Amino acid sequence: MTGKTIDKMMSLKPVSRRRFVAGASALSLGAGLGMAPFVRRASANTEVKVLNWQGYGTDEAWALEAFKAATGLDVVHEYYNSESEMITKLQTNPGAYDVIVTNSAWNARASDLGVIQPIDTAQIGHFADLNPSFRDSPLLGTGGNVFGVAWVWGITAIAYSTEVYAEAPNSIEVLWDAKNAKRVSVRDDAIEMVNFAAIATGQDMNHPADLGKVKEKLLALKPNVALLWSSEDEWNKQFQAKAFDVSIYWSGSALRSKTNFQLPVGFVVPDEGAVGWFDGLAIGKDAPNVEGAHKFINYMIDPTYYVDWATKVGAPASANSKAMAALPDSDPSKAFYSDEAAIKRLQFMAPLSDEERQAYSDLWTEVKTEFAQ
Amino acid sequence: MTPTTRTRWAILGLTGPAYLWLAGTIFLPLTAMLVLSFLDKSPLVPQPASFTLANYQAYFSKSFYWPLTRWSIELGLWVTLFCFLIGYPAAFALAKRVKGRWREAIFLLIVLPFWSNALVRVFSWTMVLRSNGIVDVAVQSVFPGAPTIDLLFSYPAVIIGLVHSYLPYMILTCYIALQAIDDSLIEAGRSLGANRFTTFYRVILPLSLPGIVSGAALIFVPVIGSFMEPRILGGTKGATLGMNIEEQFTVTANWPLGAALSFILLAIVLVIFGILYPVLRRQGGGA
Amino acid sequence: MRRLLDGGIRFYLILVLVFLYLPILVMALLAFNKSPLYGLPFEFDLVWFDALANNKRLLTAGWNSVWIALANTLIATSLGTMAAVAFGRYSFRGKTLLQALLFPPIAIPWLVIGTAMLVFFFWSGIGRGLHSILLGHVALSLPYVIFVVGARLNDYPKALEEAAATLGATPWQVFRRVSVPILAPGVVAASLFAFAVSFDQFVISYFLAPPGVTTLPVEIYTSIRKGFTPEINAISTIIIAVSMGLMLIVARFYRFGGERSGNE
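Residue numbers (the numbering used here), protein chains in the order written: chain A, 250 to 622; chain B, 2 to 288; chain C, 969 to 1232.
Derived by calculation from the structure, the hints in this document are not laboratory data.
In this text, all values refer to a predicted model and were calculated from it rather than measured experimentally.
Please note that the accuracy of each hint is not assured.
[Said to hold, decoys possible] Calculated cross-link-like contacts (lysine to aspartate or glutamate; reagent style DMTMM-like; alpha-carbon spacing at most 20 Å):
1. A:571 x A:557
2. A:507 x A:615
3. B:63 x A:465
4. C:1024 x A:323
5. B:97 x B:151
6. B:42 x A:323
7. A:464 x A:557
8. B:238 x A:615
9. A:431 x A:465
10. C:1024 x A:309
11. B:63 x A:604
12. A:491 x B:41
13. C:1024 x A:314
The shape of chain A in the complex, shown without the other chains (with noise of 0.2 Å):
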């Protein structure tokens, strides 16, 4: 083991915490012996770090290469698979990542627990484009301070079978029919399932005031689900093999569903509403390379990139009006994301607190055990 690949090692360790690290590197130098060959090089100017979900944007071959044309800057990813994970990364690598995809419910959260730096919009020549509505949404900054970029917004409502339904169903109620025994699925997702059971059970959809009507609109739902889902690969592979025919589903996905592997989905804003999310793009306290951070940035809001993510892929809407805007006119999702009376109907999503999270998820614990009974 050479002395460089030790100092790499212990590079690693947060500058505050202590002693203890004598044994516990003797062990890992052991186990380090050998592996020196794999010990990746870090070149902060020349790489931006990026954490987000995988494949949501950020990571599609053709915009990096783009984006490397036109900056000189590579991009590396690190993914994450919930929310907290994301937080939890954040806090135990500081000064890993650059840029770090934030959902609107969380941003504050991240700013709260000092693990996200206030953003130069001055750098980002894009920003003024974005829709106000989001670009100044205090979800994204407080205190004069902007902690994260408007990105993308999308809807999470009702996607279906366009073979089984001629129309739409309008109704959020298509969910609970006893005409779709066995015929739904719906994510294994606690605060969504609260969200949607809110809606139909007209209530704030973030803080229903009455969760013993939500338990029952969720258990209501019993003999109509037929699965639960938790990944869009699963909600394809099921949807293809036919195993449910309704859904609750995201916008972005429904499109790539639909552009990306020609599956026969609809997708639909009930008359009762549907949840409203968004995504902001944050800078990691301590990155590595804030000026790449920044260009990243811009680039992801840039017009040009969004109508190719939006036709070639299948995107959420952006929160650039300009690149709305310059969608072409045949796009689905165009006129999708511009229906201003189904934006109306939307509730979009808040920051919960702890205790909200938790009886939230006890909730859907309780409903899931009744469902396997």
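With the hints as your guide, set chains B and C onto chain A.
What follows is chains B and C alone, placed relative to chain A:
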């Protein structure tokens, strides 16, 4: 044996490296988790945490934990039982009836399916178990009108998927125990007038018990914490404690509760094996 | 009668193998199927192998996994076998405790262990990287190795070793001629499982891999959000086919099944 200084060093030298490794990478982090399970906040939250028993109380006060626990244990028992019923005869056949090169080949072939990704295997099972899946289509094309296979999203589907995932452990641990039994012992039993059943029950089964126990431990313990197979193959029928533990880390960010639930799971495992241990010791004779 | 019985036994073994290989066969078939979503009817196409050949990320991930699994197998099998020998050969105070300590690593869900490791490695300065992935994999494999080898050694024939020594064999000869043949089947089985544990380990690798470093399971699990293509089936099929070839060669030349020489 009275441990002389020399044996003491031998024991230390043999067990030391493995347990030092385990201590540094698992026991220390888990001890931290154990401490965490008595706190009211995750260590990564800026507010100071204080000591509480609430996380353990939650297990007893929330109505859904008991059914989840019962189902997880039942699932573990079913899977272990089926692995034993299918695996033990296979191990016996391999150890006592297959000779020569084939034995090594089959030995290796039994583990090989394990060298693929569990998630890919589970999705392959969904193709096998669903109506209009690969097997169904094949059967229908040969025997039109045969009853369709439609097991997906049911409890049996979860059992099939899990038995498949864990069967090799039972086969190989039983094999290596059975194979160590000297054939002359079996012959001796036979020549003393014992019938096949008695020989099996009085000689072979007790001598192969260590293999069965090892296999059962390697199956039962991970199965009761499983969540991937139940979720994908079970539809709504595969609720387990493992899923809820996962949720405490991904949805609620309530690590202390997730940690407490894990240690309850561990305690259940230790209690079950603690009860069985004296029985096995007596039966197994050795050890 | 005996022949009939043997025939039945062979048939049963074949049935068990068919059960074990059914999903593997399906996995391989779908690698040659055109549909990206495992759709039927089956349409033969090599498109996923083509795509795989150009997917540098997936191939690198595959190689990382193989190397980590090999290193893990070597370390875990050696350390685990030593411990199992101690348990089989000696009875001593604290043995039951040490054996009970093997339960936590398999009983506590990997997600919890992974989170604990992530925080602990961060706190202790070990950090992330392939070295910490290997640390974690070996720790998780050790209980499997000790249990599997232990299935062989619970009735450790000390007498045999002692007899050999009394008859004038050197310690090395005792080890080589007596201990190794006893250990062989257990050690081989344990190493196969150790490889499998590491090769399919997702959570630990996922938490401990630094940005840009990836393993096969990490690629698979993180890509399910968007959807993993049958490229995964293609690479898994190649791995299984190559391993099967290597294993059959090994089986052809080495005796590790524990058959006593001169029995046939």
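Comparing the hints with the structure gives:
no. : hint           : in the structure
1   : A:571 x A:557  : holds, 14 Å
2   : A:507 x A:615  : violated, 34 Å
3   : B:63 x A:465   : holds, 17 Å
4   : C:1024 x A:323 : holds, 15 Å
5   : B:97 x B:151   : violated, 38 Å
6   : B:42 x A:323   : violated, 39 Å
7   : A:464 x A:557  : violated, 42 Å
8   : B:238 x A:615  : holds, 13 Å
9   : A:431 x A:465  : holds, 19 Å
10  : C:1024 x A:309 : holds, 14 Å
11  : B:63 x A:604   : holds, 15 Å
12  : A:491 x B:41   : violated, 45 Å
13  : C:1024 x A:314 : holds, 15 Å
In this structure, the earlier hints numbered 2, 5, 6, 7 and 12 are contradicted, and the remaining ones agree with it.
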